[in-house]
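Trainee: In case it helps, mature numbering (1 follows the signal peptide of the UniProt record, and there is no 0) puts the sequence shown at residues -37 to -1, 1 to 334.
What the hints contain is simulated information worked out from the structure, not anything from laboratory work.
Source: prediction; values computed, not measured.
Idealized CB from N, CA, C, for every residue including glycine.
Check the hints yourself; a few may be wrong.
Derived lysine-lysine pairs resembling DSS-like cross-links, with alpha carbons at most 30 Å apart [stated by the list, open to error]:
hint, residue 1, residue 2
1, K323, K150
2, K233, K269
3, K265, K210
4, K51, K21
5, K32, K87
Listed next, with one range per pair, are the computed distances between beta-carbon atoms [what the hints assert, rightly or not]:
hint, residue 1, residue 2, range
6, V226, E85, 27 to 33 Å
7, S112, Q175, 31 to 37 Å
8, P222, P25, 54 to 60 Å
9, S326, E254, 33 to 39 Å
10, L149, P88, 19 to 25 Å
11, L149, E209, 29 to 35 Å
12, G332, D113, 35 to 41 Å
13, A263, P110, 26 to 32 Å
14, K265, A117, 22 to 28 Å
15, A232, A320, 50 to 56 Å
16, D273, V61, 55 to 61 Å
17, D113, M41, 41 to 47 Å
18, K150, A76, 21 to 27 Å
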Amino acid sequence: MSHFLNKLRLICSKSLTLSLAMPVLLLALVIMPSAHADLSAFNEAYDKLAANDSSPLKAPTPQQQDFIKQILSNAGMMTPIASIQPSKLPSMYQITLVQNPSTEPQPPLHITADGAYILQGELKPNPSPVKVPTPQQLPSKTLSGMPVSDDLRASMLKNSSLLKNMTPDVALYHTAVPGVIWGATLKGQPFITNTEATVFTSGEISVIENGQFAGLDADFEQKKNLHVLSSLDDDNLVIYPATTTEKAVIYVATDINCPYCRVLHQDMAKLNAKGVTVKVIAYPYYEQSPEQMRQIWCAADKAARKQALDEAMSGKPVSNTCRSGINHLKANQVKAAGLAVFATPAIYREDGAAFNAPYKDPSFLPFLGLN
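Hey, can you work out the whole structure from these sequences and the hints?
Mentor: Next up, the structure:
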């Protein structure tokens, strides 16, 4: 496997399996790290494509193929290319790689014509019948990182009737690539599809910047996260306000059974004293956590809920006093699924930027603009 393809698997191998009513599986892909990308060219291209019925790319010319090969070679990919053809993901070409019988099979790559956006994954067809046409919509210049319209969501869900995890709660956002949609299941598992929802693959879109593989499209991630965070109900967060002049606000997706979450929680007073307001999102990640955290969030009184969370974070057992049927977690859980958290604590500035390092990393306070 080439150095380039190793980079596409660098961070995490959390996979997606969209459960089906039929015995069909969708292939898993990996999550990749964050980076910036210039979106202006693609927003412009998106407008043109949408005005032209979102027409797929034509077969690449020899010159276009040479250009793509050069981009990938410069980025460090040494695996030979078998073919380059239009992808079933709009605005992208599919690159089929030459397979080596002695190594694991390599899924194809999907890359935009200018070589700026890339993902790796086998596109699996949606076995569901097409029930409604896809609405034709002209996007705005700020579409990347924004949720799909209600009409588009409705059509995608109706045309995914055999995909059990394509529920009304699924997160669906436009990416910087025209016609390509990023989604996350209620469990936070990310996937990629098109506006017609005809094909699916797991994973994320990354960028190639200055000739090098640079990780996830950070601009998209930040805009998406900002939308998610701004949609959360403060009444269902546990908020620890700054005890000095407020200098920063962070959101923390936490689990009471997560050791690193407990480390952060022990520092809560210190963070507050530094002027940091912390808004805690209940994000049960461990197997035993959903019921325990439901019990904590069952308290209607905010002070009582905060005390119950503090006690659980200190290792005290959670009281089992909340009757069944009460779940104050669910509304924010559904919205927070769009963050696609793959490890807790997950920390975000209020502008949507994610802190992509352990909490104790020396870069944490500078990330917040603090000394």
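Trainee: To test your reading of the hints: which numbers does this structure violate?
Mentor: 6, 14, 15 and 18
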